[in-house]
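Visitor: From first to last, the protein sequence lines are chains L and G.
Each step along the first sequence adds one to the number in the numbering used here, with nothing skipped, and position 195 is 195.
Each step along the second sequence adds one to the number in the numbering used here, with nothing skipped, and position 566 is 566.
Treat each hint with caution, since some may be false.
[As the list claims (entries may be wrong)] Only pairs whose alpha carbons sit at most 27 Å apart, straight line, appear in this in silico DSS-like list of lysine-lysine:
#1 L:K248 to G:K27
#2 L:K325 to L:K113
#3 G:K351 to L:K239
#4 L:K239 to G:K27
#5 G:K31 to G:K21
#6 G:K21 to L:K239
#7 G:K343 to G:K21
#8 L:K203 to L:K325
#9 L:K239 to G:K331
#10 G:K204 to L:K113
#11 G:K27 to G:K331
#12 G:K540 to G:K484
#13 G:K343 to G:K331
#14 L:K239 to L:K203
#15 L:K239 to G:K352
#16 G:K474 to G:K385
#17 G:K331 to G:K352
#18 G:K21 to L:K248
#19 G:K474 to G:K484
#20 G:K351 to G:K331
#21 G:K31 to G:K20
#22 G:K331 to G:K20
#23 G:K343 to L:K239
[Claimed, not checked] The following label-pair restraints were derived from C-beta to C-beta distances:
#24 L:E138 to G:L164: 54 to 64 Å
#25 G:L79 to L:I199: 22 to 32 Å
#26 L:I199 to G:R194: 35 to 45 Å
#27 G:L79 to L:E293: 33 to 43 Å
#28 G:F14 to L:R133: 45 to 55 Å
#29 G:Q480 to L:D243: 30 to 40 Å
#30 L:D246 to G:P126: 21 to 31 Å
#31 G:L79 to L:D243: 48 to 58 Å
#32 L:M461 to G:Q578: 31 to 41 Å
#33 G:D492 to L:E138: 16 to 26 Å
#34 L:D246 to G:V256: 46 to 56 Å
#35 L:M461 to G:H381: 25 to 35 Å
If you are wondering where the hints come from, they were derived from the structure by calculation, not from laboratory data.
All of these numbers come straight from a predicted model, not from anything done at the bench.
The beta-carbon is built from N, C-alpha and C at its ideal position, and this holds for glycine as well.
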Amino acid sequence: MKAKGEKKFALIWRFLRRYLWIFAFTLLFSMLNTVLNSLTTQVVRYTVDSVLGGEPFPDLLLRVVPEGFLESLAPSNALLIAAGLILVVSVLSGLCMYGSRMGTAFGSENFVKSLRDALYEHIQHLPYAWHVRHRTGEIIQRCTSDVEVVRNFVTNQMLEVFRIIFLVGFSLALMFSMNWKISLVALAFLPVILLYSSIFYTKIAQRFLVADEAEGDLSSTVQENLTGVRVVRAFGREKFEVDRFDQKNDRFANLWIRLGRLMSTYWGVGDLMSGLQILTVMCTGIVFAVNGEITLGEFMAFISYNSSLVWPVRGLGRILSEMSKAGVSIRRLAYILDAEPERDQPDALEPPMDRDIVFDHVTFSYEGFPVLDDISFTIPAGSTFAILGGTGSGKSTMAHLLDRLYELPPENGRITIGGVDLSQIRRSYLRRNIGMVLQEPFLFSRTIRENISAVRPNASMAEIRRSAGTAHVDEAIQDFPDGYETVVGERGVTLSGGQKQRVAIARTLMQEAPVLLFDDSLSAVDAETDAQIRASLHDSKGDATVILISHRITTLMHADQILVLHHGKVAEIGTHEELLQNHGIYREIYDIQMSSEDRAALEEAPGTQERGTEHGSRI
Amino acid sequence: MAVGFDDKEYTRSFEWSSWKKLLPFLKPYRKTLLLVLGLNLVCSCIDIALPLFQRYAIDNFITQQTLAGLPVMAVVYALAILIQTLAVIAFTRCSMRVEMNLGKDIRRSCFVHLQTLSLSYYNVTPVGYLLSRLMSDTNRIAAMIAWNVTDIFWAATYVLGVFLMMLALNPALAVTVIVIVPVIALLTAWFQDRILRWNRRVRKMNSRITSAYNEGIMGARTSKTLVIEDQNSEEFREVSQDMKVASVRAARLSAVYIPLILFFSSLTTAIILARGGSMVLSGTLLFGTLSAFTSYAVGIFEPIQQIARNIADVLSLQANIERVMGLLEQKPMITDAPEVIAKYGTAFEPKKENWEPIQGEITFEDVSFRYPDGNEEVLSHFNLKIPAGYTVAIVGETGAGKSTLVNLACRFFEPTSGRILIDGRDYRERSQLWLHSSIGYVLQSPHLFSGTVMENIRYGRLDATDEEVIAAAKAVSADQVAEKLENGYQSDVGEGGDRLSTGEKQLISFARAVLADPRIFVLDEATSSIDTQTEQLIQKATERLLHGRTSFLIAHRLSTIRQADLILVVRDGQIVEQGTHTELLRRRGYYHDLYRRQFEEEASAHRLQA
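Hey, can you work out the whole structure from these sequences and the hints?
Guide: Next comes the structure, spelled out in structure tokens:
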């Protein structure tokens, strides 16, 4: 239990440490402000007693001003000096307040920024497997709401607790210095008020949670009705929906009304307790003043200090009860930050990548399901290698293993490039040298130009257009209202699946990697464009090793070698011609895809005929 | 850049006509609101009276050196705070009740109204937009009316009362305090305006941060393959830096504003001390009054700020009211004629006794159609007679406009010209609910509601018994989905059914349609990959469902298309070919092309998975 608490604080400490000095200043300013504020009350007190009431001036004052000055002062001038003093104090305390508020802002914003940055960076470097395991919404929730709770804890609650404790302590000290008996009366109420306040807030926290949930429930009922509007209409369920909505709507309202009743009682009783405390202190003060134990000015000062005690104490009760919330949020953030990021060995290698790629008895299961079963093959450097497989055949897993998005456990075989085990190679180096286009590529909500040049932000427009040209998307981009400056995604234009895939290809081409991997990345493109893209890729690929993954025969048939993956095993491997002779799965699929009359139709397509007869080293 | 619905800025000045629309909603709470105001008046009166006790204490006990009458004063004081306590309790309860009930009423009106709006409205309006109208706008309107308006009232009566009290106690001193008030009010208004603006900026930055996280997480795999993690982090740091700067700027405004206000508060105290002090010396003012003045001078500052703040807040409520009222004033595009309603009833009060049974023959008669937000005619002078029990498949590429016919047949949209007849009568002669009650609809991304499997299937026919629900599930093999879950039919499917896979959701929605036993059935097949086993189940279920019903299939699967009585081929929103599978293949047109591109792959994918 204790260890947990320490750990919780350690996380905050990590980010807080750098800004501690800001918080120290903030606290200092805040304390100074409290002290200065109390001075105003003292000025009023002595003005009432000594200037207006004829009591002697306090010793402290007599010692600091030149002898005889106060005695020779006309009362009206003394009043002006007192007024002036109040203004001076007010200016000073105003400056302190500014300082403490700015300090809070600086400290907390810097703290939150470093926490946000660290979270973002950490998440970026967490392994892909971690991302697959966690839901996006859940992580975002933590990075936003929980960060907010922690910020609130650090800036409002932690600082406020210090501030209130100092304020209460200082005011009490001043009160005790004037008259300890009245001060005791005032003090006696405070623990009761504090306890009452914190017990109450703890008690209603649960109810708040229930009421909040009811709101979430209502909100999702509305949302489901709106997203399911077609279902509602198609079944004619409008009345049923309204009834269901009414139920949630009423529940939400009633829970809050009940909560309101509870809170009103709390506020009312809290007010009553505070009022009684003030009344008691006032009556005690009156008795003491009449008995001559305190002066009129002291009486007024008592009332003033006392009234500044009650509210902060009530606030303290609330804060103390709310602080427990922060613990939950910190734990949820620590869960992310404690996750192990991808880390390379310090002696990770950066070998040449234009070498043969070898899968050597690779077996892989994902979440208990076997995906690849003892796979072995070699992709010769500079060749075009194709993998044919259906949904769930494990073909994408091979791509993920090659890019080390998934790690191959050492006992499950080896993947090597030029004889170097993949696990020895620095990840960033490996990925930079394998240009990979995913089946469902993600475009960032920036301009198309920025998306394509993501790997080389300084690339020239000519280079960008060349890549886009090879991916046959240049023309489509030009047709957009803002051309290459068109913003895509959430905040901008929606691209079709095929356009997205082609932009992603252009983006990968910018990498100029010695290994190119296309994971079903032309699936949303029609057959004709597919062929055109492959033709221009071939012209621009140079010495690159190309790996094509697809379930479309026409995409693969011109590769140097084709591997047929079936249920996680290598079913066949060879050239198009060899595989056709084999009369295996490849042949069957070929027959289905190229059935009878359609084969003729396909062969009429421009360019296909001549490529088919040429030497097979084309993509 | 596309402008989101929420970015609409309402900067227009005060418009009474907008506020007036709120009055009908306030009507039921008139009395309660008046009571709240009355209770607030009691509170402010007592608040004004409290410093007088201090005055009395000083002038009657302390300076007179007597305790005579102290118990009486204490009792009166205690009584005053007791009354105030009761008033606070009563008023908070009333305000809470008004807030919640008012919000509930407005929300309900919006919700009911939304049930009558046409699908064309939903097509152009994001769900998120509607959701925030129903939740945040209504909540804000209700809270503001219940709390802020009453706060203004309390503060105004308090400040006014204090003025009067000060004038009564000592007019000369009172005037010096009162002149400072406009300064505070103006200062607050000036700062408030800027603080609001900066806060809005901070909120915008905050949503940028959220979407940056969203992208960073959604695009994690892509970022890794491109090795741009560090670049992304760098960019994020810029966004978070902007956020920091904006937040500090917003904080600086209040860091200047609050000390400034406090300075004026001290200035007032100083003036009272100097002027009041000399009045005490000259014997024209008693100590107690001086002390009461200092209390008042400190006391009115908060209420004055509160008034300025709340007025700005309440004025900004106009935008919320306009948005909500805009939603309520939205006219449904498809409505039933009054005589139709008279005979067949509304969606909420149907007169089922007058409903004719439906056979399912659908005739398109010279139908032309253009979407309300489009400028191109997607159907022109289209004629088609679909006999009852026929299966019509609609094929074409994604986004080619395959749902248009279905939308028209289901009367989600009405023809721009021409007629659609159901069983030989124009469907506009009967109510929407009449038609909709006879339609079974299974969507491509099937929509389930939170709740159990049982509840979701029963949505098809609300009075179905458990046995009937289970029978329907069995008929389409949805029982296998239910049995796999921990509580069988009583298992929760999660929000929007997200605990189930697409295929499983589809099976449940099949069961829902079977239970409804519709004469007309619409199926929008899923394109996403479904595992082989579920796919086979779905195929069987589809066959079972098509039997004996007029069906529209927005089809992606070869097997479904082959068994259709009629295939309509859609391209760029137009119907380009129609016929049976063999006829169309023989024609070697667009269908032939589509077939080659899409369905052969499906066939080979099957082989690869077998």
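Visitor: Each hint needs a verdict: does it hold in this structure or not?
Guide: Hints and how they fare:
1. L:K248 to G:K27: holds (24 Å)
2. L:K325 to L:K113: holds (21 Å)
3. G:K351 to L:K239: Distance ~13 Å between K351 (chain G) and K239 (chain L) Cα, so the pair holds.
4. L:K239 to G:K27: Given that 27 Å is the threshold and the Cα spacing comes to 26 Å, the pair holds.
5. G:K31 to G:K21: Status holds; Cα separation ~19 Å.
6. G:K21 to L:K239: holds (26 Å)
7. G:K343 to G:K21: Violated, at about 32 Å.
8. L:K203 to L:K325: Between K203 (chain L) and K325 (chain L) the Cα gap is close to 14 Å, so the pair holds against 27 Å.
9. L:K239 to G:K331: Roughly 19 Å separates the two Cα atoms, so the pair holds.
10. G:K204 to L:K113: Roughly 16 Å between the alpha carbons, so the hint for K204 (chain G) and K113 (chain L) holds.
11. G:K27 to G:K331: holds (24 Å)
12. G:K540 to G:K484: holds (19 Å)
13. G:K343 to G:K331: Holds, because 22 Å separates the two Cα atoms, which is no more than 27 Å.
14. L:K239 to L:K203: Distance of about 39 Å is beyond 27 Å: violated.
15. L:K239 to G:K352: Given pair K239 (chain L), K352 (chain G) holds - Cα atoms ~14 Å apart, limit 27 Å.
16. G:K474 to G:K385: Distance of about 33 Å is beyond 27 Å: violated.
17. G:K331 to G:K352: holds (26 Å)
18. G:K21 to L:K248: Roughly 26 Å separates the two Cα atoms, so the pair holds.
19. G:K474 to G:K484: holds (14 Å)
20. G:K351 to G:K331: holds (24 Å)
21. G:K31 to G:K20: Since the Cα atoms of K31 (chain G) and K20 (chain G) sit roughly 18 Å apart, the hinted pair holds (cutoff 27 Å).
22. G:K331 to G:K20: It holds: about 20 Å lies between the C-alpha atoms, which stays within 27 Å.
23. G:K343 to L:K239: Holds - the C-alpha atoms of K239 (chain L) and K343 (chain G) are around 18 Å apart, at most 27 Å.
24. L:E138 to G:L164: 54 to 64 Å: Check passed, 58 Å falls within 54 to 64 Å.
25. G:L79 to L:I199: 22 to 32 Å: 28 Å Cβ-Cβ, so the 22 to 32 Å window holds.
26. L:I199 to G:R194: 35 to 45 Å: holds (40 Å)
27. G:L79 to L:E293: 33 to 43 Å: Since the Cβ atoms of L79 (chain G) and E293 (chain L) sit about 28 Å apart, the hinted range of 33 to 43 Å is violated.
28. G:F14 to L:R133: 45 to 55 Å: Taking Cβ atoms as reference, F14 (chain G) and R133 (chain L) lie about 53 Å apart, which means the hint holds.
29. G:Q480 to L:D243: 30 to 40 Å: For Q480 (chain G) and D243 (chain L) the Cβ distance comes to about 31 Å; the hint holds.
30. L:D246 to G:P126: 21 to 31 Å: holds (25 Å)
31. G:L79 to L:D243: 48 to 58 Å: holds (50 Å)
32. L:M461 to G:Q578: 31 to 41 Å: violated (47 Å)
33. G:D492 to L:E138: 16 to 26 Å: holds (18 Å)
34. L:D246 to G:V256: 46 to 56 Å: holds (49 Å)
35. L:M461 to G:H381: 25 to 35 Å: violated (49 Å)
In the structure shown, a violation is registered for the earlier hints numbered 7, 14, 16, 27, 32, 35, in ascending order.
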